[in-house]
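With the hints as your guide, set chain B onto chain A.
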Amino acid sequence: MTTASTKAAPTPKIKSSALKPRSFISWVTFFFMIFAVIAWLFPFWMALANAIKTPADFVAQGPLAFPAHPTFEHVIKFWKESDFPVRFWNSTWTSLLGAAITVAFGFLTAYAIGIGKIKGRTWILGVFMVAFTIPQEALIYPLYTAAKKIGLYDNLLSIALIFGITGIAFSTYLISSVLTEFPNELVEAAKIDGANAWQMMTRVVLPILRPTLMVIMVMVFIYNWNEFLIPLVLLPSNDNMTVALSIALTSGQWGAEPTYRAAAALLGAAPSILFFIIFQRSLMRGVTMGSSK
Amino acid sequence: MSAESVSNGAKAKVAKPSKAKPNKSSIEKGKSQYYAYLIPGLLLFLIVVVGSFFFNIYISFTQWIGVGTPVWVGFENYQKLFQDDVFWQSFQHAFLFIGAMSIVPTFIGVFVASMLFDYIAPRFGNGISAFMRAGFYMPQVIPITITGVLWVWLLDPVTGVINSFLINNLHMKSDAVPNWLGDANTAIWSLSVIMVWIQIGYTIVIFMSGLARLDPSLTEAAQLDGATWFQRFRIIILAQLGPEIGVVLLTTMVAALKVFGPVYTMTSGGPGTATQVPAYFSYFHFFTTHKVGYGAAVATILALLLTVLSIIILQVQNRQQSKEIQR
Chain A
1 MTTASTKAAP TPKIKSSALK PRSFISWVTF FFMIFAVIAW LFPFWMALAN AIKTPADFVA
61 QGPLAFPAHP TFEHVIKFWK ESDFPVRFWN STWTSLLGAA ITVAFGFLTA YAIGIGKIKG
121 RTWILGVFMV AFTIPQEALI YPLYTAAKKI GLYDNLLSIA LIFGITGIAF STYLISSVLT
181 EFPNELVEAA KIDGANAWQM MTRVVLPILR PTLMVIMVMV FIYNWNEFLI PLVLLPSNDN
241 MTVALSIALT SGQWGAEPTY RAAAALLGAA PSILFFIIFQ RSLMRGVTMG SSK
Chain B
1001 MSAESVSNGA KAKVAKPSKA KPNKSSIEKG KSQYYAYLIP GLLLFLIVVV GSFFFNIYIS
1061 FTQWIGVGTP VWVGFENYQK LFQDDVFWQS FQHAFLFIGA MSIVPTFIGV FVASMLFDYI
1121 APRFGNGISA FMRAGFYMPQ VIPITITGVL WVWLLDPVTG VINSFLINNL HMKSDAVPNW
1181 LGDANTAIWS LSVIMVWIQI GYTIVIFMSG LARLDPSLTE AAQLDGATWF QRFRIIILAQ
1241 LGPEIGVVLL TTMVAALKVF GPVYTMTSGG PGTATQVPAY FSYFHFFTTH KVGYGAAVAT
1301 ILALLLTVLS IIILQVQNRQ QSKEIQR
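Same order as they appear, the protein sequences are chains A and B.
124 is the number that the numbering used here gives to position 124 of the first sequence; each next residue is one higher, with no gaps.
1139 is the number that the numbering used here gives to position 139 of the second sequence; each next residue is one higher, with no gaps.
Chain A on its own, in the form it takes in the complex:
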């Protein structure tokens, strides 16, 4: 695991007195990096600055100027006209249900592979590994046809189920790579105590793995939230659109008004930025999980 947390990485506890001396060069480097970060975040600042600008200010001063008369009028108007709370709810529950399915089934499968060490596990993992590189385009038409046949077309449940099931390959791979390093003593000890597979899972493996599963759940939730092709194909009607989908498809409607488009981009990005701020640690751990293996 790369997530060298408590024991492996001694670095985080450097007190300011323990910092290395800062030379002139180091200050130059520091300001260069700060400048680079500001440049990276500049598009977001532009969206914010222009979303709260009045159209008159935009015309008079251009997009780069600091908003002279900040107003949330457009943001609020866009919030109402785009039914933002409905989209937010659509995105949230489908992403959450999808992530729960992905992690639950992925955990069961990974448990059979990592702890059960069942025969053919390398092959099963290999199939999963190859499967999660299959592009969604190679699945979408059959899924679209099937959703129409069983009456789940234009139904939010369909995308939650597809998010959930297509994610199983990924979560199985990730969780079983974590489980290969599960302390073997614990498993052996539980076996000697006569634990069966179910008891082993609920009493030994799950309690220890719960934080890792939460990390993966957060990461999958954010992936699902950002998902585009599947909602695009399966959710044609306006009421069912997710945040990512509705802003992409309807942004043209306010095309003429730059401050409106800025407000659309801002509102679309806001939930993701919020999730990132709240779950930063979990997300970073999830993303780096398995990267050095």
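Watch out, some of these pointers could steer you wrong.
[As the list claims (entries may be wrong)] Covered stretches of chain A (in silico footprint by chain B; criterion: 3 or more residues with CB under 8 Å from a CB of chain B, positions within the stretch not fixed):
(1) 21-29
(2) 74-88
(3) 162-168
(4) 237-247
(5) 261-268
Derived by calculation from the structure, the hints in this document are not laboratory data.
If you're wondering where the values come from, they're calculated on a predicted model, not measured in any experiment.
No residue lacks a Cβ here, since even glycine has one placed at the ideal position from N, Cα and C.
Leaving out everything else, chain B in the frame of chain A:
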């Protein structure tokens, strides 16, 4: 205590669990009950993902408009594809995106990550370097569709931020400024730059976590020997980050070949076919021209290409794992 710290501790102690097997028959008996845990996930996966995949392959051998019965035509769709210039063009663009999403971000990412981890953090504190890392990572957390809306707005030929800057601040003539996404000559390059902007955060995060894994005594020893930062960077950091560099290169290559959202939201493959990519090309035939068999053939070829790549990933990772065990 988290599972990671447990497993980190265990990694050193537990050598190779497969070697120490006491009572074979009891273990085999115990093993069989674990198959029950495999079945639900595997079954759902086989039906939905593998089933869809094979149905897509079947469609690719038919002529079908999405309704009625598909008509079997054998390899006709594939034969037509190989004579279709747009098909080849779309793969050329996909390979260009490998540069923009994989190679360039890997180079910049290794450098920035080691700057942040090895130079900024020891001098200015970990808080600063974590903040910078988060800043670079921000484009990664935004839905790609929102990124698209944002950049279409930034690059608008008339009211966009970039061109306003060129006209108002650099005093370029308003008819001389580029139409970044609307001109066939610049559109693919504009997309490429945006992809670099999106991808760098991912590579920085992976490489910084890789650096945290390295043995600090190595770089400290090098420092005592009087090595400059650049020498240390080249000799120690680059050599040690091998596993992460391999994983990042290959996963981002897979992502580059799959690009769909940015093209859909920013250019729709145009102007003309100037930014056509395989994923969008297949979507276009599925839902716009309703040549479903043709679109399925594109998707199948893309999937095969990605399968080959992912097998390479597996091979590379296996080789690294066996190296680690030897160490």
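Check your understanding: Are three or more residues of the stretch 21-29 of chain A within 8 Å, CB to CB, of chain B?
Key -> holds (count 4)
Check your understanding: Quick check: the stretch 237-247 of chain A, covered by chain B? Criterion 3+ residues, Cβ under 8 Å.
Key -> holds (count 4)
Review point. Are three or more residues of the stretch 261-268 of chain A within 8 Å, CB to CB, of chain B?
Key: holds (count 5)
Exercise for review: Check, residue by residue, whether the stretch 162-168 of chain A contains three or more positions whose beta-carbon lies closer than 8 Å to a beta-carbon of chain B, and give the verdict.
Suggested key: n = 4 at 8 Å, threshold three: holds.
Point to revise | Check of the stretch 74-88 of chain A against chain B for coverage (Cβ-Cβ below 8 Å, three residues minimum) | key: Coverage by chain B is violated for the stretch 74-88 of chain A (0 residues, Cβ < 8 Å).
Violation of the numbered hints given earlier is confined to hint 2; every other hint is satisfied by the structure.
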